[in-house]
Amino acid sequence: MMSFISYFINGLSLGSVYAIIALGYTMVYGIAKMLNFAHGDVIMIGGYVVFTVVSTMGLPPLAAILVAVIVCTVLGITIEKVAYRPLRMASPLAVLITAIGVSYLLQNIALLVFGSNPKSFTSVVSVPALKLAGGKLTISGETIVTIVTCIIIMIGLTTFIKKTKAGQAMLAVSEDKGAAQLMGINVDGTIALTFAIGSALAAIAGALLCSAYPTLTPYTGSMPGIKAFVAAVFGGIGSIPGAFLGGLLLGVIENLSKAYISSQLSDAIVFAVLIVVLLVKPTGILGKKINEKV
Amino acid sequence: MALLEIKNLGISFGGLRAVDNFSITIEKGQLYGLIGPNGAGKTTMFNLLTGVYKPSSGSIMLDGENITGKKNVEINRAGIARTFQNIRLFKDLTVLDNVKAGLHNGYPYGTVTGILRLPKYFKVEKEMTEKAIELLKVFDLDKEKDHLASNLPYGKQRKLEIARALATNPKLLLLDEPAAGMNPNETAELMDTIRFVRDNFDVSILLIEHDMKLVSGICEKLTVLNFGQVLTQGDTADVLNDPEVIKAYLGE
Amino acid sequence: MDKSINSKKFHLNKTTRSNLITYGMVIAAYIIVQILVNGGHVTSLMKGLLVPLCIYSIMAVSLNLTVGILGELSLGHAGFMCVGAFSSSLFSLLMLETIPNAGIRFFLAILVGAASAAVAGIIVGIPVLRLRGDYLAIVTLAFGEIIKNVVNVIYLGKDSRGLHISLKNATELNLEEGGQIIINGAMGITGTPKNATFTIGVILILITLFIVLNLINSRSGRAIMSVRDNRIAAESIGINITKYKLMAFAISASLAGVAGVLYSHNLSSLTATQKNFGYNQSIMILVFVVLGGIGNIRGSIISAVILTLLPELLRGFNTYRMLIYAIVLIVMMIFNWAPALIDFRKRHSLKRYFSKNTEEKEAS
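Protein chains in written order, with this note's numbering: chain L, 12 to 305; chain V, 98 to 349; chain Y, 9 to 372.
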């Protein structure tokens, strides 16, 4: 029983990371209607920035995360402006292929700069582990911090969208770009802001992910990125609570199947879950149905 | 027996009655107009008729066959073809291939026959091409047959859509604002073409149009929709003189 | 009178001519390579590349059928290659004694690979093709990964009692003394006969081209492309969109399976890794398709060949290869789609300068 609880909590922790990444996907998808394939690689860049700042400059982890957040935000805005904005009117296929190109570009730049050898990442978390049930159940500091961070981000983001003008503009753009433009909303600015927020979250996710799984390579971001997208689709793409729910569920499913079914098949199971969800409810758990106008 | 008989058709979107209690009867060979202000539910009517939407009430009979709630592919095979308000051509296919796509079900041969280039392939493709060119000639598009559909000027794209719909050999042809974006000369030409199609292709035509010149010029009967309901229907001249209709159009 | 009919008969239309050029190009390349090989001008490194060139060409053409003709993005194409590779290798190993004739056995192995990949394509396609756009891309990616993962946990052995299968490990198979392990989990299959040759590869490219090009220029091909261009209009003229989507997807998958057969019969040991059957490989093939021109079948072959040869020809290029591919993808898309550039190209296109001349010619 204790081991089950421990797997479950670890799953929640992994799921929290997925949820933070999935927020980036889901916001961008909701507003720009595109799958930002490169999002996972922004996480990886965030990880490398934290690693470099801590190991070469010796700054404290929190400062390093702040630097990573700034770098990733700038990176996100740049990617949007250079690669995606010229394609606003292009076919979805063209946009997706571009995003794949950006993803590969980031991976290979990292490969050239940092090499293919994995870097061992020092955890950014200094919170001590929690021992429960007389020492039978240990919850690591990383797990606690990850779950707490995810909850704070969720609440912060929901409040931002509900309470601020910029947040309302995001909602408006996601509903109808043309109408939002006519209402005097700066559509380009809003989309850029969305990328900025998504990328800043990716930096945080990168630091947390690398703290929990301390090997960092140029490909670190791609699999979690894809799984986080699966989480976003799972929860209902475009929906912020959906990304949260989808991320947590996916993390738990992955960890439990690793523990009880097969560690080699856990990825396959995660993907199989995605397919089943899409078959049963193509819009995801909390997604809205979109009708095509004829 | 009437060709098309719609009784008490209705559909709601999230509680809103987009079309309500709609009934209409169209005879064989009739040229029928569906008019009404913007947002009256005309295109929704077409979408109901062609199976894009499923009606929540009422029935549609085509030539004695109940086609209520059938899928759009089945409805096309039953004999209804349409054009779209926002043109929907196969933009990266040639003009000829757009029409040949319309001939898809009328001139069948298997995929393997096509890949292996069996004799039947050449025979049927030849027949298809001849038929397609014959249709294109009606719309004066035969010279552009090798152009990409997306490269045609707007007016010709509308005509190509009609040609493609006709290629499916329908009993009833639905035209959604065929004259939209055309100049008066083009519209006059289109009116002749529509009459020609009706006279030569053994088809009834139901059209949505805002251009009153076209409506009064070619439609024999009219139905006026307003707020999803039939305001009035009857012979064109009577309907157009109805004060209710004038009020609906001009507002108060 | 007679003469004009004759001349019409022999006048090839544009598509037929273009197709003949494509076939001719492949055959000419084959002849040149054969002459070079016979003259001893080809290094062993290059010789080793000949079959992979055929594999990638077939993969690129097959993916172009999905991306360019069907208009759906598949990121799991390497998964179908994986199915073709493993099923055919398994067949060849099991039939090693039953069918001693290598030619017949390999021919049947190709059919087995194509058929199993087609079945996989249909199984994947039925649920997936209901989805649209980005969803389809991510789900095909997911399927590719599932196939790869599942293959890695299969253990299959043969002894006098028959076949044994396990998803745990080799000892679970409980093989008799002298029993043979055929699929050894992540270690894959060893001992597949090396039947793939450049000549067979080129023949398979030609067959692939024959199938794809003839499909495109047929009734079914038109239906597939009409679904691509406008789904709602295609339905409105009575085209069964599910049927044609599935058909294109299954044909595309089966051709990827054929590439897989070539792949597995060119190596002595076959494993499913991220590198050969993972989504990186799928995306590599996508790069070939995009660079060769989406929907342009001949372009796919040319770009597959160039992009496979280039890294081998230019030393040091290998480090930058993926970086350059990434930039190529982005630049190609922006060049093709950005409104400002479309405008620029229209104003300065070569075609425009030449079009006047051709019009005059046609008029005369």
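A portion of the hints provided could be inaccurate.
The calculated label-pair distances, taken between Cβ atoms and stated as ranges, are [said to hold, decoys possible]:
no., chain 1, residue 1, chain 2, residue 2, range
1, Y, 199, L, 273, 19 to 29 angstroms
2, Y, 218, V, 134, 50 to 60 angstroms
3, V, 134, L, 173, 56 to 66 angstroms
4, Y, 329, L, 273, 27 to 37 angstroms
5, Y, 45, L, 291, 50 to 60 angstroms
6, L, 252, V, 113, 55 to 65 angstroms
Below, a list of computed lysine-lysine pairs in the DSSO-like style, where the Cα atoms sit at most 27 angstroms apart [unchecked claim]:
no., chain 1, residue 1, chain 2, residue 2
7, L, 92, L, 44
8, V, 253, V, 310
9, L, 292, Y, 22
10, Y, 251, V, 253
11, V, 234, Y, 283
12, Y, 55, V, 220
13, V, 240, Y, 22
14, Y, 283, V, 228
15, L, 188, L, 44
16, V, 240, V, 223
17, V, 240, V, 188
The set of hints was computed from the structure by calculation and includes no laboratory data.
Computed from a predicted model, the values in this text were never measured in an experiment.
Backbone N, C-alpha and C fix where the C-beta goes; we use that ideal spot for every residue, glycine too.
A quick look at each hint next to the structure:
Range check, residue 199/Y to residue 273/L: Cβ separation about 27 angstroms, and the 19 to 29 angstroms hint holds. Residue 218/Y and residue 134/V have their C-beta atoms about 56 angstroms apart, which keeps the hinted 50 to 60 angstroms range intact. For residue 134/V paired with residue 173/L, a C-beta distance near 38 angstroms fails the hint of 56 to 66 angstroms. Between residue 329/Y and residue 273/L the C-beta distance comes to about 35 angstroms, which sits within the given range of 27 to 37 angstroms.
One distance hint, 50 to 60 angstroms for the beta-carbon pair residue 45/Y and residue 291/L, holds here, with the actual separation near 55 angstroms. For residue 252/L and residue 113/V, the Cβ-Cβ distance of about 27 angstroms falls outside the hinted range of 55 to 65 angstroms, so the restraint is violated. With a C-alpha separation of about 15 angstroms, the suggested pairing of residue 92/L with residue 44/L holds against the 27 angstroms cut-off. Taking the CA atoms of residue 253/V and residue 310/V, the gap is about 20 angstroms. The hint holds against a cut of 27 angstroms.
Restraint check for residue 292/L and residue 22/Y: not satisfied, since their Cα atoms lie roughly 46 angstroms apart, outside the 27 angstroms limit. Proximity of residue 251/Y to residue 253/V is assessed by CA-CA distance (about 31 angstroms); at most 27 angstroms being required, the pair is judged violated. Proximity of residue 234/V to residue 283/Y is assessed by CA-CA distance (about 56 angstroms); at most 27 angstroms being required, the pair is judged violated. With a C-alpha separation of about 45 angstroms, the suggested pairing of residue 55/Y with residue 220/V is violated against the 27 angstroms cut-off.
Between the alpha carbons of residue 240/V and residue 22/Y the distance comes to roughly 16 angstroms, so the proposed pair stays at or under 27 angstroms and holds. A distance of roughly 52 angstroms separates the Cα atoms of residue 283/Y and residue 228/V; the hinted pair therefore is violated under the 27 angstroms criterion. The hinted pair formed by residue 188/L and residue 44/L meets the criterion: a straight-line CA distance of about 10 angstroms does not exceed 27 angstroms. Among the hinted pairs, residue 240/V with residue 223/V is consistent with the structure: their alpha-carbon atoms are about 18 angstroms apart, no more than 27 angstroms.
For the hint linking residue 240/V to residue 188/V, the alpha-carbon distance of about 17 angstroms falls within 27 angstroms, and the restraint holds.
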